[in-house]
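Peer 1: Sequence:
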Amino acid sequence: MPARHRVLIIGKGDKPGKEQEYLFEAKGYQIISSPTFKKAMDTIFNDPPDLILVMADMQDKVELEMLQAVKGGIYCAHIPFIIALSREAISTGIEWEQYPVDDFISKPIDYTELFARMSLCFERMQRVFDNNPLTRLPGNTSILKTIQAALDAGEEVAIGYVDIDNFKPYNDRYGFSRGDEVIRMVAMLLTNILRETDTRKVFAGHVGGDDFSFMVPSDRATRVCEKIISSFDALVKNLVDKDDLKRNCFVARDRQGNEQHFPLPSLSIAVVSNHNNLFRHYGEVAEAATQIKKHLKSMEGSNYLIDRRKPSE
Numbered sequence: 001m002p003a004r005h006r007v008l009i010i011g012k013g014d015k016p017g018k019e020q021e022y023l024f025e026a027k028g029y030q031i032i033s034s035p036t037f038k039k040a041m042d043t044i045f046n047d048p049p050d051l052i053l054v055m056a057d058m059q060d061k062v063e064l065e066m067l068q069a070v071k072g073g074i075y076c077a078h079i080p081f082i083i084a085l086s087r088e089a090i091s092t093g094i095e096w097e098q099y100p101v102d103d104f105i106s107k108p109i110d111y112t113e114l115f116a117r118m119s120l121c122f123e124r125m126q127r128v129f130d131n132n133p134l135t136r137l138p139g140n141t142s143i144l145k146t147i148q149a150a151l152d153a154g155e156e157v158a159i160g161y162v163d164i165d166n167f168k169p170y171n172d173r174y175g176f177s178r179g180d181e182v183i184r185m186v187a188m189l190l191t192n193i194l195r196e197t198d199t200r201k202v203f204a205g206h207v208g209g210d211d212f213s214f215m216v217p218s219d220r221a222t223r224v225c226e227k228i229i230s231s232f233d234a235l236v237k238n239l240v241d242k243d244d245l246k247r248n249c250f251v252a253r254d255r256q257g258n259e260q261h262f263p264l265p266s267l268s269i270a271v272v273s274n275h276n277n278l279f280r281h282y283g284e285v286a287e288a289a290t291q292i293k294k295h296l297k298s299m300e301g302s303n304y305l306i307d308r309r310k311p312s313e
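Numbering (the working numbering), first residue to last: 1 to 313.
Hints are computed from structural coordinates only; laboratory data are not their basis. Incorrect hints may have been included.
As the list claims (entries may be wrong) - The calculated label-pair distances, taken between Cβ atoms and stated as ranges, are:
#, residue 1, residue 2, range
1, T92, T290, 55 to 61 Å
2, E259, G154, 50 to 56 Å
3, N140, R280, 18 to 24 Å
4, G209, V251, 18 to 24 Å
5, R184, A77, 21 to 27 Å
6, Q291, M41, 48 to 54 Å
7, S298, P48, 25 to 31 Å
8, T222, P108, 55 to 61 Å
9, P108, G209, 47 to 53 Å
10, K61, D241, 56 to 62 Å
11, S177, G93, 43 to 49 Å
12, G283, E259, 35 to 41 Å
13, K27, L64, 25 to 31 Å
By construction, the Cβ of each residue, glycine as well, lies at the ideal position given by its N, Cα and C atoms.
Using the sequences and the hints given, assemble the complete structure.
Peer 2: Below, the structure is given as structure tokens:
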């Protein structure tokens, strides 16, 4: 759990203030308190907390409308809300469409359960905000975290970096909508092939733009790369016009604005293997992959290269 998450508590809890504050601080949380939702509004908008815990009963219509306004706005919609409810309120049924909260806990509060729910809220928020909106694949934070965890554990994994060649001119020639189709196609290929290949340590992420990353056990890297490339080369033909397919190229403008013939989109896959625990940090992996990608970019068509260097090299 990240240190010192700031938690705004609205209303009185079922423990004395100092005791409640001690419980939260012991878990690494910084507490801000407000007796009512109305008085908390300045804090919410001027110095937003990381999570809001509503202890108040929320029987007041005005306070309920304030809750709806906060969660319905853009600025604070991402803040997780947990509301504490009486068992009676839970048993009689809650109209959740009126309560745009992320979780609830019953009173009297079991603080072990509350802290578990808070941790889950933070993890859920990180996943949602890290995921790429186009492909729904995990983004950079998750990629770094997953790869570093594998390195720390000394796992023999291969980390692949996938780049779509000639993607910018393809976008210029066919438009962003068709470009998005190519991006989504690569995302689907990665997830499906990894799922079919191994149920052990596999992961796929979207670095951004036309760059992706994946992780597989080292002994599966060759098979995965070959399957990704063969599948992409077969499917990308459906995303170019017949005339371009016949010529095996398309016309678009280069970065200087000059008309130029470009090959059809292809893939470059740079793979770094952690065999023999060669790498200790994610940055070392990324640097090695960058060197491989430079070499791959000089080659025509779809290609992959697996770096299997030994510690002494």
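Peer 1: Please go over all the hints and tell whether each is borne out by the structure.
Peer 2: Consistency of the hints with the structure:
1. Look at T92 against T290: about 60 Å separates their beta carbons, and that is inside 55 to 61 Å.
2. Judged by the Cβ atoms, the range 50 to 56 Å given for E259 and G154 holds: they are separated by roughly 52 Å.
3. One distance hint, 18 to 24 Å for the beta-carbon pair N140 and R280, holds here, with the actual separation near 20 Å.
4. Separated by about 23 Å at the C-beta atoms, G209 and V251 satisfy the suggested range of 18 to 24 Å.
5. Separation of R184 from A77 is about 26 Å and conforms to the stated range, judged on CB atoms against 21 to 27 Å.
6. Restraint check, Q291 to M41: a C-beta distance of roughly 53 Å satisfies the suggested window 48 to 54 Å.
7. Distance hint check: the CB atoms of S298 and P48 are about 48 Å apart, inconsistent with the given range 25 to 31 Å.
8. Checking the proposed 55 to 61 Å range against T222 and P108 shows it holds: the Cβ atoms sit about 58 Å from each other.
9. In this structure the hint that P108 and G209 lie 47 to 53 Å apart at CB holds, the actual value being about 50 Å.
10. Distance hint for K61 and D241: a CB-CB separation of about 59 Å, consistent with the stated range 56 to 62 Å.
11. Judged by the Cβ atoms, the range 43 to 49 Å given for S177 and G93 holds: they are separated by roughly 44 Å.
12. At roughly 40 Å, the beta carbons of G283 and E259 sit within the given window of 35 to 41 Å.
13. Roughly 29 Å separates the CB atoms of K27 and L64, a value that falls within the hinted 25 to 31 Å.
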